[in-house]
Amino acid sequence: MEQVMSTINLSAIYPEIILTCFSLLILLMQSFSTPRFKEYYGYVSLVGVLAALAFVVMEPSSFFAQTVVYSFNDMWVVDNYARFFKLIFLLGTGLTILISMKYLEDEAMQYGEYFALILFATIGMMIMASAGELITLFLGLELMSLSLYVLAGYTRVRMVSNEAALKYFILGSFATGFLLYGIALIYGSTGTTSIRAVAASVGKYGLYSPGLVMGMAMLVVAFGFKAALVPFHMWTPDVYEGAPAPITAFMSAGPKAAAFAAFARVFMEGLPALQMEWTWLIWIMAALTMTIGNVIALVQDNIKRMLAYSSIAHAGYVLVAFLAAGELGISSVLYYLLTYTFMNIGAFAIITALSGRGEPRVFVRDYQGLGFQHPFAAVAMSLFLFSLAGIPPTGGFMGKFYIFSAAVKEGYIGLAVIGVVNSVVSVYYYLRVTVAMYMEEPSSVREAEAAAPIFSPALVIAIFISAYGVLSLGLFPSSYVAIVKQSFLALQ
Amino acid sequence: MNFMTEAMAQAAFWIVVGLTLAGAVIAVFPRNIVYNVLGLVLALTGVAGLYVFLGSMFIGLMQLLIYVGAICVAIVFAIMLSRPLHLEVPQRKLPKVLLAAMASCLFAIALIGVSLRTAWKPAAERGTDWSVATIGELLLTRYDLVFEVISLVLLVAILGAIVTAGFSRRLTS
Numbered sequence: 001m002e003q004v005m006s007t008i009n010l011s012a013i014y015p016e017i018i019l020t021c022f023s024l025l026i027l028l029m030q031s032f033s034t035p036r037f038k039e040y041y042g043y044v045s046l047v048g049v050l051a052a053l054a055f056v057v058m059e060p061s062s063f064f065a066q067t068v069v070y071s072f073n074d075m076w077v078v079d080n081y082a083r084f085f086k087l088i089f090l091l092g093t094g095l096t097i098l099i100s101m102k103y104l105e106d107e108a109m110q111y112g113e114y115f116a117l118i119l120f121a122t123i124g125m126m127i128m129a130s131a132g133e134l135i136t137l138f139l140g141l142e143l144m145s146l147s148l149y150v151l152a153g154y155t156r157v158r159m160v161s162n163e164a165a166l167k168y169f170i171l172g173s174f175a176t177g178f179l180l181y182g183i184a185l186i187y188g189s190t191g192t193t194s195i196r197a198v199a200a201s202v203g204k205y206g207l208y209s210p211g212l213v214m215g216m217a218m219l220v221v222a223f224g225f226k227a228a229l230v231p232f233h234m235w236t237p238d239v240y241e242g243a244p245a246p247i248t249a250f251m252s253a254g255p256k257a258a259a260f261a262a263f264a265r266v267f268m269e270g271l272p273a274l275q276m277e278w279t280w281l282i283w284i285m286a287a288l289t290m291t292i293g294n295v296i297a298l299v300q301d302n303i304k305r306m307l308a309y310s311s312i313a314h315a316g317y318v319l320v321a322f323l324a325a326g327e328l329g330i331s332s333v334l335y336y337l338l339t340y341t342f343m344n345i346g347a348f349a350i351i352t353a354l355s356g357r358g359e360p361r362v363f364v365r366d367y368q369g370l371g372f373q374h375p376f377a378a379v380a381m382s383l384f385l386f387s388l389a390g391i392p393p394t395g396g397f398m399g400k401f402y403i404f405s406a407a408v409k410e411g412y413i414g415l416a417v418i419g420v421v422n423s424v425v426s427v428y429y430y431l432r433v434t435v436a437m438y439m440e441e442p443s444s445v446r447e448a449e450a451a452a453p454i455f456s457p458a459l460v461i462a463i464f465i466s467a468y469g470v471l472s473l474g475l476f477p478s479s480y481v482a483i484v485k486q487s488f489l490a491l492q
Numbered sequence: 001m002n003f004m005t006e007a008m009a010q011a012a013f014w015i016v017v018g019l020t021l022a023g024a025v026i027a028v029f030p031r032n033i034v035y036n037v038l039g040l041v042l043a044l045t046g047v048a049g050l051y052v053f054l055g056s057m058f059i060g061l062m063q064l065l066i067y068v069g070a071i072c073v074a075i076v077f078a079i080m081l082s083r084p085l086h087l088e089v090p091q092r093k094l095p096k097v098l099l100a101a102m103a104s105c106l107f108a109i110a111l112i113g114v115s116l117r118t119a120w121k122p123a124a125e126r127g128t129d130w131s132v133a134t135i136g137e138l139l140l141t142r143y144d145l146v147f148e149v150i151s152l153v154l155l156v157a158i159l160g161a162i163v164t165a166g167f168s169r170r171l172t173s
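Order-wise, the sequence lines are chains A and B. So the first sequence is residues 1 to 492, counted in the working numbering. So the second sequence is residues 1 to 173, counted in the working numbering.
Hints are not guaranteed to be accurate.
[Said to hold, decoys possible] On the chain A side, residues computed to face chain B include the following (Cβ under 10 Å):
| id | residue |
| --- | --- |
| 1 | E16 |
| 2 | L24 |
| 3 | L27 |
| 4 | N73 |
| 5 | E113 |
| 6 | L117 |
| 7 | L139 |
| 8 | S147 |
| 9 | G153 |
| 10 | Y181 |
| 11 | P210 |
| 12 | L212 |
[As the list claims (entries may be wrong)] Over the 12 Å line for every Cβ pair with chain B, so calculated as not near, a few chain A residues:
| id | residue |
| --- | --- |
| 13 | L46 |
| 14 | A54 |
| 15 | F63 |
| 16 | M268 |
| 17 | G358 |
| 18 | P375 |
| 19 | R432 |
| 20 | P477 |
Source of the hints: derived by calculation from the structure; they are not laboratory data. Glycine included, each C-beta is placed from N, C-alpha and C at the ideal position.
Based on the sequences and whatever the hints tell you, model everything.
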């Protein structure tokens, strides 16, 4: 593995620079062009995402060269781990933009800020994945969170959307306080904020410093909040329910992955010496997150709320792989987050299409009889739900398989058992939607006719990409595993 | 430094700490929002005093200028433009207050315990030069990435404020 150090290496931040330029371009377009250009904002941002994607893969050298570039005085790391996460973020962003375009048109909300904020949030996530230093990480997290607070309340005419934004903002600021306090305590006990220097300092002076342990605990709170882990999950259902459907899709994939990216880098690279302290903490959190997420999801009638609890449960599965650590554990985290991006955004694409103007149709009963009226939508929805439930031959099954085998191999058999029991429980609420689609009659024919889903070409493309991802991750996992293993190696 | 000046510096330090804490208490407890803002002003001024104790006059002044001078004034404007002050504020519920007090006490005890028991290490490199020129130079050389990201964060904050609060354009366009 080649390591490159430099004080300033602009090629290490090309993808971020490109995204910044495109979001500024959209803002300028919004201000200076005629309103008839407004349907192009989405395409412009899509071009930006694709360009950034190309640079993530190609710069500063080919993905398989395993180069690790440290730049900006060690504040910025570009390794395959960061690059893989950036691919996940950009994928989530691209799919979100595709499912947003028609939605915004229908809601008469086509403004440039929407896409600019999505791109800014993506930049924040990419900073979180690449930060080699805690203050940079904090700024990335703030950039992401601020954009998300605004996006959650984007449909201002709806009360639930306002409530979501306010709740998310207040609780999120509180969590940010924990992150800063944790960083301060770690800085106080080690004298540095650079993640690698923290590891060196802890290794040199030994770890018996209560301040360091307290700082670590506060970081767990902050990352736990952003990744929606129990007991820091309270905001999730309300925010996911209130936010516009495409934004819910966006929030459930990218930011969650970004929280895990930063979590794993700080804990595996910076605080490995404290593993004894955090193992039991994360064990309990993983067990609680899986169980509470799945059990509460059983009784939800609002499908957005149900998927919010399901997303809590999925964060629990990822946490199991996180705990297993090592090559197997981290590569299962990456594999699962990639799969989750495809299947969850896919499911939300269908929800977006079906919800209708102002999102009145987001309940399980609104899916009754969908299988006969709109076979395409119903088949795609079933595929995504099967994948979320972990039924073969989908990516969700392979992801869970890797996670639980990593957990068993590392000796976390108890957690693996809890996880498997939980995924069996989760089948009930995912299948409930499928049963409604294929085996129940719509309560009234008129209502079903009014509920015609709105499929735009962009949305159909997003559904096809997600379906392709879910199926190929399930049927041909080996090629993905090869890439994921390359990405893990860099963390060493 | 003789004993007297040492003692006076110590006393001044604890007075500033006391003012900061008192300000924080006023910012949280009274039900009148104007008192809360004034408490916040006191607390933030106290923090500026702490920066001066740490040897950074510049950051202390910036704290006064930005937080006290700009942000608190902006909050006062926001209060003035929103709901009327004479309306009844809902009472705090006792169980909620008790739970919150318990949680904060637990947290405070943990923090105090930690800060007493930790052997704090001085930073590896300790700055002695806190002049504006040095800070400016460091921001544009060593911390240039952070500097740029902060400007992005501020841009998003402005954008967010406009999107969340700007009613007029939406109604006209």
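Here is what the structure says about each hint:
Against a cut-off of 10 Å between C-beta atoms, the interface hint on E16 of chain A holds, since the closest Cβ of chain B lies about 9 Å away. With 10 Å as the threshold, the beta carbon of L24 of chain A comes within range of chain B, its nearest partner Cβ sitting at about 9 Å, so the hint holds. At a threshold of 10 Å, the smallest CB-CB gap from L27 of chain A to chain B is about 8 Å, leaving the interface hint in force. For N73 of chain A, the suggested interface contact is upheld, since its CB lies about 5 Å from the closest CB of chain B, less than 10 Å.
At a threshold of 10 Å, the smallest CB-CB gap from E113 of chain A to chain B is about 5 Å, leaving the interface hint in force. Taking 10 Å as the C-beta cut-off, the interface hint given for L117 of chain A holds, the closest approach to chain B being about 7 Å. Interface hint status for L139 of chain A: upheld, as the beta-carbon distance to the closest one in chain B is roughly 4 Å, under 10 Å. Interface hint at S147 of chain A: satisfied, since its Cβ lies 6 Å from the closest Cβ of chain B, which is below the 10 Å cut-off.
Annotation: G153 of chain A was flagged as interfacial toward chain B, and the flag holds, the nearest CB pair being 6 Å apart, inside 10 Å. Taking 10 Å as the C-beta cut-off, the interface hint given for Y181 of chain A holds, the closest approach to chain B being about 9 Å. Because the closest C-beta pair between P210 of chain A and chain B is about 5 Å apart, less than 10 Å, the hint holds. Contact between L212 of chain A and chain B, as hinted, is supported at the beta carbon level, the nearest pair being about 8 Å apart and thus within 10 Å.
Listed as a non-interface residue, L46 of chain A keeps its Cβ farther than 12 Å from every Cβ of chain B; the least gap is roughly 20 Å. No Cβ of chain B approaches the Cβ of A54 of chain A within 12 Å, the least distance being about 22 Å, so the stated non-interface status holds. Chain B leaves F63 of chain A outside its interface by the beta-carbon criterion, the shortest separation being 23 Å against a cut-off of 12 Å. No Cβ of chain B approaches the Cβ of M268 of chain A within 12 Å, the least distance being about 23 Å, so the stated non-interface status holds.
The non-interface label for G358 of chain A is consistent with chain B: the shortest C-beta to C-beta separation is roughly 16 Å, beyond 12 Å. With a minimum CB-CB distance of about 39 Å to chain B, P375 of chain A clears the 12 Å threshold, and the non-interface call stands. Once the 12 Å rule is applied to beta carbons, R432 of chain A is consistent with being away from chain B; the minimum gap is 36 Å. No Cβ of chain B approaches the Cβ of P477 of chain A within 12 Å, the least distance being about 36 Å, so the stated non-interface status holds.
Consistency with the previously given hints is maintained throughout, with no hint failing.
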